[in-house]
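> Sequence:
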Amino acid sequence: MKAIPQQILDDESIDIVVSSQVLSEFYWTVTRKLDPTLAEDVAHDVVHHLAEGEVVPIDGGLVDAAIGLARRHRLALWDAANLVAASRAGCEEVLSEDLNTGAVIA
Numbered sequence: 001m002k003a004i005p006q007q008i009l010d011d012e013s014i015d016i017v018v019s020s021q022v023l024s025e026f027y028w029t030v031t032r033k034l035d036p037t038l039a040e041d042v043a044h045d046v047v048h049h050l051a052e053g054e055v056v057p058i059d060g061g062l063v064d065a066a067i068g069l070a071r072r073h074r075l076a077l078w079d080a081a082n083l084v085a086a087s088r089a090g091c092e093e094v095l096s097e098d099l100n101t102g103a104v105i106a
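No gaps in the numbering here: position 62 of the sequence shown is 62 in the numbering used here, and each next residue is one more.
Simulated from the structure, these hints should not be mistaken for laboratory data.
Treat the hints with caution; some may be incorrect.
[As the list claims (entries may be wrong)] Each pair of labels, with its calculated beta carbon distance range: (1) I105 / E54: 12 to 22 Å; (2) V42 / R74: 31 to 41 Å; (3) V104 / D41: 32 to 42 Å; (4) P36 / R74: 32 to 42 Å; (5) E54 / D10: 30 to 40 Å; (6) E93 / R71: 16 to 26 Å; (7) D64 / D41: 14 to 24 Å; (8) G61 / I105: 14 to 24 Å; (9) R72 / A39: 20 to 30 Å; (10) W28 / Q6: 13 to 23 Å; (11) S87 / A39: 27 to 37 Å; (12) A51 / S87: 14 to 24 Å; (13) D41 / H73: 31 to 41 Å; (14) A39 / G90: 26 to 36 Å.
Every residue, glycine too, gets a C-beta built ideally from N, C-alpha and C.
Start from the sequences, fold in the hints, and give me the full structure.
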């Protein structure tokens, strides 16, 4: 499973968009929850690399839209927030460990 994200990170023809929430969750997860954890300086470098692309901020309007999406589709709020952020950025595909492969959510 790790090979796919690495291929995407290495492919310069792919535009990577993340939300500010995703950057925070990534750093926390890889430095605290993984076994073994990723060194904090390495994790910081990855966050810095990801932040060079488009970062969608989480604001009140996004949270409001995410609540509606979460309620309609019975999603976790943070998953819905990531989907709304992706929609705002015009993303056609979303990579997530939490959503079903091939799911279409509108």
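> Would you mind marking each hint as holding or not holding in the structure?
Each hint, compared with the structure:
1. I105 / E54: 12 to 22 Å: 20 Å, holds
2. V42 / R74: 31 to 41 Å: Once the Cβ atoms are compared, 36 Å apart, the range 31 to 41 Å for R74 and V42 holds.
3. V104 / D41: 32 to 42 Å: Between V104 and D41, where Cβ atoms are some 39 Å apart, the hint holds.
4. P36 / R74: 32 to 42 Å: Given about 35 Å between the Cβ atoms, the range holds.
5. E54 / D10: 30 to 40 Å: Hint violated: Cβ distance 18 Å, outside 30 to 40 Å.
6. E93 / R71: 16 to 26 Å: With a Cβ separation near 24 Å, E93 and R71 satisfy 16 to 26 Å, so the hint holds.
7. D64 / D41: 14 to 24 Å: 37 Å, violated
8. G61 / I105: 14 to 24 Å: For G61 and I105 the Cβ distance comes to about 19 Å; the hint holds.
9. R72 / A39: 20 to 30 Å: Violated, at about 40 Å.
10. W28 / Q6: 13 to 23 Å: 20 Å, holds
11. S87 / A39: 27 to 37 Å: With Cβ atoms ~34 Å apart, the hint holds.
12. A51 / S87: 14 to 24 Å: 20 Å, holds
13. D41 / H73: 31 to 41 Å: 38 Å, holds
14. A39 / G90: 26 to 36 Å: Between A39 and G90, where Cβ atoms are some 34 Å apart, the hint holds.
Hint check: violations occur at hints 5, 7, 9; the rest are consistent with the structure.
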